[in-house]
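Here the protein sequences line up with chains A and B, keeping their order.
In terms of this note's numbering, the first sequence opens at residue 1 and continues consecutively.
In terms of this note's numbering, the second sequence opens at residue 114 and continues consecutively.
Hints in this document: simulated from the structure, not taken from any laboratory.
It cannot be assumed that every hint is accurate.
With a cut-off of at most 35 Å between alpha-carbon atoms, the simulated DSBU-like pairs for lysine-lysine come out as follows [as the list claims (entries may be wrong)]:
#1 B:K122 x A:K56
#2 A:K56 x A:K70
#3 A:K105 x A:K70
#4 A:K57 x A:K105
#5 B:K170 x A:K57
#6 A:K108 x B:K122
#7 B:K170 x A:K70
#8 A:K105 x B:K170
#9 A:K105 x B:K122
#10 B:K170 x B:K122
Here is how the chains run, residue by residue.
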Amino acid sequence: TQLLEQSPQFLSIQEGENLTVYCNSSSVFSSLQWYRQEPGEGPVLLVTVVTGGEVKKLKRLTFQFGDARKDSSLHITAAQPGDTGLYLCAGSPTQGGSEKLVFGKGTKLTVNP
Amino acid sequence: DSGVTQTPKHLITATGQRVTLRCSPRSGDLSVYWYQQSLDQGLQFLIQYYNGEERAKGNILERFSAQQFPDLHSELNLSSLELGDSALYFCASSVVMGTSGSNEQFFGPGTRLTVL
Numbered sequence: 001t002q003l004l005e006q007s008p009q010f011l012s013i014q015e016g017e018n019l020t021v022y023c024n025s026s027s028v029f030s031s032l033q034w035y036r037q038e039p040g041e042g043p044v045l046l047v048t049v050v051t052g053g054e055v056k057k058l059k060r061l062t063f064q065f066g067d068a069r070k071d072s073s074l075h076i077t078a079a080q081p082g083d084t085g086l087y088l089c090a091g092s093p094t095q096g097g098s099e100k101l102v103f104g105k106g107t108k109l110t111v112n113p
Numbered sequence: 114d115s116g117v118t119q120t121p122k123h124l125i126t127a128t129g130q131r132v133t134l135r136c137s138p139r140s141g142d143l144s145v146y147w148y149q150q151s152l153d154q155g156l157q158f159l160i161q162y163y164n165g166e167e168r169a170k171g172n173i174l175e176r177f178s179a180q181q182f183p184d185l186h187s188e189l190n191l192s193s194l195e196l197g198d199s200a201l202y203f204c205a206s207s208v209v210m211g212t213s214g215s216n217e218q219f220f221g222p223g224t225r226l227t228v229l
């Protein structure tokens with residue numbers, strides 16, 4: 001079973017600070033996605049990374065896929081209260097022949113004004 | 114709005130009962146996935162259908178079953194419900210393999226099931 005470990009589990013910061021969330025595994029994934037989820041709602045896709053070493057930017061969010069495609073990070077610059085939410089990483093396993101996603105347990109981010 | 118719809122939004126029922134959750138995928142998506150989200154387990158893959166056929170099974174209990182109809186909507190049936198089945202149930206859809214070589218899945222708003 002391919003697992004994804006996210007850290008930290010909880011993060012509470014002040015508006016304007018920078019932060020990084022990590023998603024790690026001992027297994028290789030064919031692609032990795034980051035989602036953001038609000039309470040009681042479905043996860044919303046932020047980005048997909050496919051190539052080892054790939055970096056993608058979405059405004060103040062920077063996503064990186066590890067060279068070996070086993071880990072990823074999400075960096076937020078100058079966090080704002082609107083960034084508050086549950087951030088989930090999800091990977092497409094290379095084994096099994098299915099397109100299912102394996103999810104990390106998430107990082108709950110709170111940005112205080 | 115992801116384009117994936119789920120009904121009902123909330124469902125409250127008693128132990129031992131049976132319920133059906135419904136999902137309509139995004140227009141053009143052939144693959145439907147069901148996930149369960151509980152506080153302690155996070156999002157867990159249950160089952161995938163592709164163009165009407167079961168494609169993959171995850172941690173789905175024998176009391177649970179699903180199907181995908183010719184119009185591509187899907188239903189998740191949960192029977193002999195137990196207190197521990199209380200959770201958020203999400204449906205997601207995808208084309209299966211996007212042009213980028215990734216599997217981008219788009220999630221519905223979920224059904225919150227409460228078993229009393």
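Verification of the supplied hints:
Distance hint between B:K122 and A:K56 is fulfilled; the C-alpha atoms sit about 34 Å from each other, no more than 35 Å. At most 35 Å may separate the alpha-carbon atoms for a hinted pair to count; A:K56 and A:K70 meet this at roughly 17 Å. Simply put, A:K105 and A:K70 have alpha-carbon atoms about 16 Å apart, close enough for the 35 Å limit, and the pair holds. For the given pair, A:K57 sits about 23 Å from A:K105 by alpha-carbon distance, which is consistent with the 35 Å threshold.
Of the pairs offered as hints, the one joining B:K170 and A:K57 holds, with about 34 Å between alpha carbons and a cut-off of 35 Å not exceeded. Proposed proximity of A:K108 and B:K122 is supported: the alpha carbons are some 23 Å apart, at most 35 Å. Restraint check: the Cα-Cα separation between B:K170 and A:K70 comes to about 24 Å, which is no more than 35 Å; the hinted pair holds. Simply put, A:K105 and B:K170 have alpha-carbon atoms about 20 Å apart, close enough for the 35 Å limit, and the pair holds.
At most 35 Å may separate the alpha-carbon atoms for a hinted pair to count; A:K105 and B:K122 meet this at roughly 23 Å. For the hint pairing B:K170 with B:K122, the CA-to-CA distance comes to about 24 Å; that is within 35 Å, so the pair holds.
Consistency with the previously given hints is maintained throughout, with no hint failing.
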